[in-house]
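Using the sequences and the hints given, assemble the complete structure.
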Amino acid sequence: MGKNFKKVFLFILVIALTATIGFSFLSYQTYGVTLTPDGFVPKETRISVGSMVTFRTVTGKYFWPASDPHPTHTVYRDFDPKRALAPADSWSFRFDRVGTWSYHDHLAPSIVGTIIVLDQKKDKNFLWRLFSWFPFIPTTTTHSTSECKAVTSSQEAHQECWKGIFRSIVMGRGVDAGLRFLAQTKDADIAFAPECHVYAHAIGELAYERFSLGTLGRVNGDTGMCNFGYYHGFMQEYVSHNKNLVRAKEYCLRQGRNGVDGYDRRILQCFHGIGHGLVFWYASEGKPVESAIATSAIAACQKIIGDLSFFHECVNGVYGGIAALYFTLHGFTYTMRPDDPFWVCNAQPQHLKKFCYDELVPPLFNLVSFNLPAAGSIIERIDDQTLALVAMEHLGWMPAHHNLIVARNYSQVVSQCRAFPEPFARACLRGIVKSLVNFGNMLEAIPRATRFCHEFFQSTDFFEECQKTIIEQIKYSYTIDQQKEICKRFSDMAPTFCEKP
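Under the working numbering, the first residue of the sequence shown is numbered 561, with each subsequent residue one higher.
Misleading hints may appear alongside valid ones.
Straight-line C-alpha distance at most 27 angstroms; calculated DSSO-like pairs for lysine-lysine [claimed, not checked]:
no.: 1; residue 1: K803; residue 2: K709
no.: 2; residue 1: K603; residue 2: K642
no.: 3; residue 1: K621; residue 2: K803
no.: 4; residue 1: K1048; residue 2: K1035
no.: 5; residue 1: K603; residue 2: K847
no.: 6; residue 1: K809; residue 2: K863
Just so you know, the hints here were simulated from the structure itself, not pulled from any lab data.
Structure, rendered in structure tokens:
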């Protein structure tokens, strides 16, 4: 027993010394990243703050490594050579900012990589040295949650900070650990809820990265939380990189199970993710116009998907992908036309236009600087009132993304919605109700939405419609098992819904 203990202690001491020496060696090194026909190698590089990275290429083509997003490079402005580099050239950059910095080739923005810059001051902490030096041991995160909450310079920088935390967790400890952390964070901090879908999306993208490395394994966590962002992110990456739609369809059909009212939302939202992936697939092939991307992507949806519900979700995902292009996601930049923001939708087949008008509301809200009356006045001018009402309902949802829930400032946005003429006012109010059902802890969201209906509409003719809207959103946003849990807790709220066999 004593001899074994001595051996273990000696082994730990050797590791500690190696880690200490290794980390000293890690400090202020020059690292190399090479652009190959298969992308940047290594795709992820971990360095200490103050170290230098030299970028080269063996492709024989010009290249331009630069910070995300494309083409503005604004997340880390200095991380940009400001010009294309000749095949024989190299470019070196010293990283003086701690964080997780995603980058791309400006000349081929679908080619991406990551530099993780660690805080050298943590060298004083033995455990941190040990865990960071040995990649097979779960790593700590590059940021703390308090640090990310304090990042207010821009939404991009704020979200990049949080994504750095999720990358460290998912790549170090696995997807389930990332999903658990997401669940804990969203339930503990209501201010986090509006961005929950973004980070579920990021976990899905990281899951694909592990899948491509052969290290994904079985995922047992709650992949349906935060409006199924995990499936959107995973399938977006799978389709845009693998381009195997048959396998993608097979994967989606294995998700969830059938429920009383049809397919489990996991299956449907998985097909939504396929639509996202198709957009980035065709955008990466150089299609310059959004309408051309949409046409090719929808044709692909139609080719492999027979079930109408699956097809509609795939189409919805296509238009959601077009909206993402306006937010410079995935390294692409398209600009929404201020004079005609819905021009893409006008060019779509009539039976699909409602999906397009719905999905393009977020970039419209961004275009008018989050001004709900301004966005509403644009939507009111849509020729087809049925389509305009679809967009107006989504607009009512949007303030929740900008701390409506946190500030509890329901009165202002209710007044803004009521100021629209009917039937636009009701559509906008329905959007508010749906947003309240959708964000935060499920068991807090349902009572919150119910209280909202009672507080603002109990003595009005909108009260019944408000309650029906809650049920409609529960059926859309939650899995079959989650719906059963809601009925168990709140059966008196919706007896006609909860008494179904």
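Query raised in the report: So which of the earlier hints does this model not fit?
Result: Failing hint: just 1.
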